[in-house]
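Number of protein chains: 2
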Amino acid sequence: MNTLTTLEPLTTKLLEIQRINSAASVLSWDQETYMPAGGGEARAEQIAVLQGLAHQKLVSSEMQTLLSQWIDPATGQAVEHSGAAWDEPSRSLLREVWRDFSRAKKLPSDFVVTLSRECSLAQQVWADAKSKNAFAMFLPNLRTILRLKQEEAQYLGYRYSPYDALLDVYEPGATIAGLRPLFETLKARLVPLLKKITQSNVQIDDSILRHSYDQTPQLEFGRLVLTAMGYDFTRGRLDLSAHPFTTSFHPTDVRVTTRVHEHELQSCLFSCIHEGGHGLYDQGLDQRYFGTPLGDSVSLGIHESQSRLWENCVGRSHAFWRFFYPILQQTFQKQLHGVDIEQFYAAINCVKPSLIRVEADELTYNLHIMLRFEIEQDLVEGKTQPEDLPAIWNQKMQDYLGIIPTSDADGVLQDVHWSFGAFGYFPTYTLGNLYSVQFFEQATREIPHLEDEIAAGRLLVLRRWLEQKIHRWGRMFTPPHLAERVTGSTVSPEPFLNYVEKKYGQLYQL
Amino acid sequence: MNTLTTLEPLTTKLLEIQRINSAASVLSWDQETYMPAGGGEARAEQIAVLQGLAHQKLVSSEMQTLLSQWIDPATGQAVEHSGAAWDEPSRSLLREVWRDFSRAKKLPSDFVVTLSRECSLAQQVWADAKSKNAFAMFLPNLRTILRLKQEEAQYLGYRYSPYDALLDVYEPGATIAGLRPLFETLKARLVPLLKKITQSNVQIDDSILRHSYDQTPQLEFGRLVLTAMGYDFTRGRLDLSAHPFTTSFHPTDVRVTTRVHEHELQSCLFSCIHEGGHGLYDQGLDQRYFGTPLGDSVSLGIHESQSRLWENCVGRSHAFWRFFYPILQQTFQKQLHGVDIEQFYAAINCVKPSLIRVEADELTYNLHIMLRFEIEQDLVEGKTQPEDLPAIWNQKMQDYLGIIPTSDADGVLQDVHWSFGAFGYFPTYTLGNLYSVQFFEQATREIPHLEDEIAAGRLLVLRRWLEQKIHRWGRMFTPPHLAERVTGSTVSPEPFLNYVEKKYGQLYQL
Chain B
370 MNTLTTLEPL
380 TTKLLEIQRI
390 NSAASVLSWD
400 QETYMPAGGG
410 EARAEQIAVL
420 QGLAHQKLVS
430 SEMQTLLSQW
440 IDPATGQAVE
450 HSGAAWDEPS
460 RSLLREVWRD
470 FSRAKKLPSD
480 FVVTLSRECS
490 LAQQVWADAK
500 SKNAFAMFLP
510 NLRTILRLKQ
520 EEAQYLGYRY
530 SPYDALLDVY
540 EPGATIAGLR
550 PLFETLKARL
560 VPLLKKITQS
570 NVQIDDSILR
580 HSYDQTPQLE
590 FGRLVLTAMG
600 YDFTRGRLDL
610 SAHPFTTSFH
620 PTDVRVTTRV
630 HEHELQSCLF
640 SCIHEGGHGL
650 YDQGLDQRYF
660 GTPLGDSVSL
670 GIHESQSRLW
680 ENCVGRSHAF
690 WRFFYPILQQ
700 TFQKQLHGVD
710 IEQFYAAINC
720 VKPSLIRVEA
730 DELTYNLHIM
740 LRFEIEQDLV
750 EGKTQPEDLP
760 AIWNQKMQDY
770 LGIIPTSDAD
780 GVLQDVHWSF
790 GAFGYFPTYT
800 LGNLYSVQFF
810 EQATREIPHL
820 EDEIAAGRLL
830 VLRRWLEQKI
840 HRWGRMFTPP
850 HLAERVTGST
860 VSPEPFLNYV
870 EKKYGQLYQL
Chain A
370 MNTLTTLEPL
380 TTKLLEIQRI
390 NSAASVLSWD
400 QETYMPAGGG
410 EARAEQIAVL
420 QGLAHQKLVS
430 SEMQTLLSQW
440 IDPATGQAVE
450 HSGAAWDEPS
460 RSLLREVWRD
470 FSRAKKLPSD
480 FVVTLSRECS
490 LAQQVWADAK
500 SKNAFAMFLP
510 NLRTILRLKQ
520 EEAQYLGYRY
530 SPYDALLDVY
540 EPGATIAGLR
550 PLFETLKARL
560 VPLLKKITQS
570 NVQIDDSILR
580 HSYDQTPQLE
590 FGRLVLTAMG
600 YDFTRGRLDL
610 SAHPFTTSFH
620 PTDVRVTTRV
630 HEHELQSCLF
640 SCIHEGGHGL
650 YDQGLDQRYF
660 GTPLGDSVSL
670 GIHESQSRLW
680 ENCVGRSHAF
690 WRFFYPILQQ
700 TFQKQLHGVD
710 IEQFYAAINC
720 VKPSLIRVEA
730 DELTYNLHIM
740 LRFEIEQDLV
750 EGKTQPEDLP
760 AIWNQKMQDY
770 LGIIPTSDAD
780 GVLQDVHWSF
790 GAFGYFPTYT
800 LGNLYSVQFF
810 EQATREIPHL
820 EDEIAAGRLL
830 VLRRWLEQKI
840 HRWGRMFTPP
850 HLAERVTGST
860 VSPEPFLNYV
870 EKKYGQLYQL
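Residue numbers (my numbering), protein chains in the order written: chain B, 370 to 879; chain A, 370 to 879.
Careful, some of the hints might be misleading.
Which copy is meant is left open, because identical chains are indistinguishable; a pair holds if it fits in one copy or across any two.
What the hints assert, rightly or not - Computed list of lysine-lysine pairs in DSBU-like fashion (alpha-carbon distance at most 35 angstroms, straight line):
#	residue 1	residue 2
1	Lys382	Lys474
2	Lys382	Lys426
3	Lys426	Lys721
4	Lys382	Lys475
5	Lys475	Lys703
No wet-lab data here; the hints were simulated from the structure.
In this text, all values refer to a predicted model and were calculated from it rather than measured experimentally.
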């Protein structure tokens with residue numbers, strides 16, 4: 370039996386590449402948190418050089434020679450070596466390295482450098498344009514990025530749509546054909562549910578969330594919840610950024626960011642829990658495999674399932690607040706005086722079509738994604754032109770959510786993703802929502818008295834379960850295979866739909 | 370005439386190398402400011418990979434081929450190209466690239482990676498050991514670093530002492546033989562001056578500096594002074610770190626750090642001004658030449674002249690405080706109530722043998738350096754063993770300053786330098802002191818009413834002069850040549866000695 374030991378010449382090379390990529394991630398983190406504005410252009414060049422180097426090393430002839438000993442280039446599968454088969458970790462490692470290698474091989478190094486530079490620059494222009502509510506300012510960069518991503522899709526190749534080529538980068542195996550039925554099912558049951566809720570006699574008042582809350586205690590409370598979740602601050606940090614995100618340089622250095630608004634208590638709170646879920650995944654990866662696919666997260670959909678599980682299944686549950694609400698009340702005595710847990714629980718679960726995706730409730734959230742999924746398909750396929758985006762955005766907001774943004778900053782400019790070329794990224798958010806409920810229900814079945822544990826503030830039992838079932842495996846299994854191993858089935862909208870129908874049925878007395 | 374245009378294939382390569390080095394600098398900055406403790410080992414590996422790559426690219430056969438068209442390898446001088454001579458910038462550029470290339474060429478890439486990794490690790494152990502006052506904890510790392518630096522000296526080659534090989538890295542052309550007479554002259558006049566001061570009837574009371582000062586307004590005042598100096602915060606930042614430092618990733622992103630102690634008002638204040646002086650140099654480099662020696666600072670001695678000029682010639686002058694003291698008094702009304710400018714000026718110029726170099730007065734400072742200069746020579750030459758350092762340190766403190774540290778944290782562990790392999794660095798601090806007064810006196814001659822300008826808070830006129838005379842030239846001239854161009858003479862202890870004799874003669878009524 371061949372084991373990972375045989376692959377050491379390969380893993381040594383991969384480790385070096387990963388270190389270059391990690392360095393680039395540190396530079397990106399800094400760009401979003403502490404970099405002075407004037408440093409943006411130089412930063413774009415630095416990151417581009419590193420990404421170009423990492424790419425060159427991955428597609429080098431040395432790598433090709435190494436891989437061709439062990440992999441059948443036609444199938445991408447490991448072949449017998451020295452007359453013996455491979456063990457499972459080695460087979461998985463080879464399969465995934467081949468995936469990365471053969472994709473990278475299709476992209477010219479110059480293209481990778483250009484794309485990296487343009488994305489880094491566009492991201493900075495986007496931030497500025499958003500703050501000035503000036504879509505026209507961002508438009509030239511968006512055009513460039515879109516053109517480059519269309520080019521990338523051509524390099525990568527696809528059967529039906531160039532958008533499929535981009536989807537696959539974030540979610541291996543995902544296609545328009547596979548995703549569309551999921552969205553159709555969601556739409557078919559969510560839209561009527563939403564209608565029932567808006568027509569319900571129950572009116573939830575969430576105005577307490579918009580009182581004035583000091584920013585420092587908000588952050589401190591976020592830190593407390595992160596600690597309770599098992600996020601390890603000796604291997605992580607919490608900082609501020611315009612758009613909350615998680616980034617990992619190694620399982621020993623995984624950083625999350627949040628934002629704090631004086632008049633939006635839920636913003637810092639749920640972004641801390643959300644990013645904490647991502648952070649736990651990255652801290653839970655197996656350090657021994659760092660640099661190889663076995664030490665890497667498996668897909669953005671699975672990654673998002675971790676953040677959404679913590680944010681929604683845990684953080685928006687009644688059980689969670691039975692433990693944490695008294696502490697929050699202690700922290701904000703004046704503002705939450707006389708507000709009982711039922712009122713608070715209702716407020717944080719208030720369903721209301723709203724403009725901003727990241728602040729959306731669990732139910733309307735997927736409609737925000739559907740809109741983006743449709744728009745970015747059309748953009749990548751050339752059916753929509755970037756200059757028409759604001760109008761199209763607003764029309765779809767009207768169609769799906771019944772509201773129209775009053776500014777592009779709250780509309781088409783709200784998300785950072787397109788600025789860094791992440792077309793095909795959004796659908797993984799909905800996959801994450803679906804997976805999150807699947808996983809959480811399985812955890813509830815397997816962990817004795819999980820609800821009681823959560824209600825007692827003992828969150829580590831859940832974290833350990835997730836680490837054992839999901840985090841530690843890295844890319845050993847493909848996303849559908851992993852979901853099957855953990856829950857007995859691949860992704861399905863049913864658990865999620867049943868969960869929201871039950872939860873909101875109770876809240877709104879439907 | 371051949372110009373820089375001819376050298377474009379070279380400068381393009383240099384730029385890529387510089388971007389890798391800049392990325393490594395971002396990683397180091399993060400290590401000292403925000404990195405969680407657990408991330409240290411992975412960080413050391415990331416930096417080592419980047420420095421290894423930069424080294425490989427510098428010593429590549431491609432680079433060799435490029436350079437050999439234009440440079441005589443025997444002399445390192447530019448030769449005629451296509452039948453024409455070079456203009457001055459091109460000749461300087463080639464001279465300095467050759468210096469970097471031929472030095473790098475002597476070091477094996479593996480050695481560079483190992484040295485980088487060990488330095489990054491040792492620096493983290495040093496910080497821990499210092500905080501725990503545990504020299505023994507740091508000893509194994511120090512041994513490793515010293516051994517590597519001795520090895521480096523062998524690779525680089527030298528005529529008289531391996532220490533000379535290391536000195537030259539930081540200060541081109543510096544040798545023990547050249548430095549020793551400077552230190553002898555300083556010692557011969559500083560020791561008697563110090564004696565006269567301690568025997569003077571004037572006793573300066575600096576206890577007001579040790580009252581309780583809130584940390585936030587201390588930082589804000591530091592920021593205000595930095596702004597007045599012309600340090601550009603859109604191209605820079607001020608952060609906290611254990612050991613204040615300045616780092617530059619590009620003239621558009623130059624960062625300084627400081628530390629703040631509640632009971633040491635001078636600490637944050639003067640480290641801000643000091644690092645600000647470094648920061649102005651790096652922000653003042655010519656962006657067009659970024660990545661080439663013409664866009665790089667010329668030596669550590671000249672760099673330090675900029676920080677010491679601002680810290681001492683400006684920041685410890687009476688004129689400076691005529692403008693800034695009322696603002697400081699406004700900031701700390703309670704603590705500075707009834708303290709007039711004369712008392713404050715005396716307090717910040719109080720001469721007193723003390724344990725910590727960076728807190729030392731202008732006069733005893735060079736004795737701290739002399740001690741380090743002697744110790745590190747002996748270490749590198751193998752005459753002293755690392756385990757004997759604490760005893761030797763304390764003995765020399767007794768001999769030169771008449772006081773003995775009560776702990777290694779305040780003794781041999783106080784400075785970060787040896788932990789990152791910077792043997793040969795300390796003497797540049799004394800060179801910086803000497804140059805600083807030479808430059809400042811020249812500025813006083815050339816800028817009309819400079820003292821009045823400073824007393825009116827108009828510091829930009831000085832910054833512009835320094836930029837024109839020093840910063841913008843990068844490595845166009847060697848350090849001695851630059852000093853001659855600016856002041857008419859190479860480094861000399863006379864201006865500095867005259868300056869301190871006059872200043873402290875007045876203060877202590879000698």
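Please work out whether the CA atoms of Lys475 and Lys703 approach to 35 angstroms or closer within one copy, between two copies, in both situations, or in neither?
-> neither (60 angstroms within a copy, 69 angstroms between copies)
With 35 angstroms as the alpha-carbon cut-off, assign the pair Lys426 and Lys721 to within, between, both or neither.
-> neither (49 angstroms within a copy, 57 angstroms between copies)
Same-copy or cross-copy closeness of Lys382 to Lys426 [CA-CA at most 35 angstroms] | Result: close both inside a copy and across copies, 8 angstroms intra and 18 angstroms inter.
35 angstroms Cα threshold - placement of Lys474 relative to Lys382 = both (16 angstroms within a copy, 24 angstroms between copies)
Taking 35 angstroms as the upper bound on the Cα-Cα distance, should Lys382 and Lys475 be classified as within, between, both, or neither?
-> both (20 angstroms within a copy, 25 angstroms between copies)
Comparing the model with each earlier hint shows violations of hints 3 and 5; every other hint is respected.
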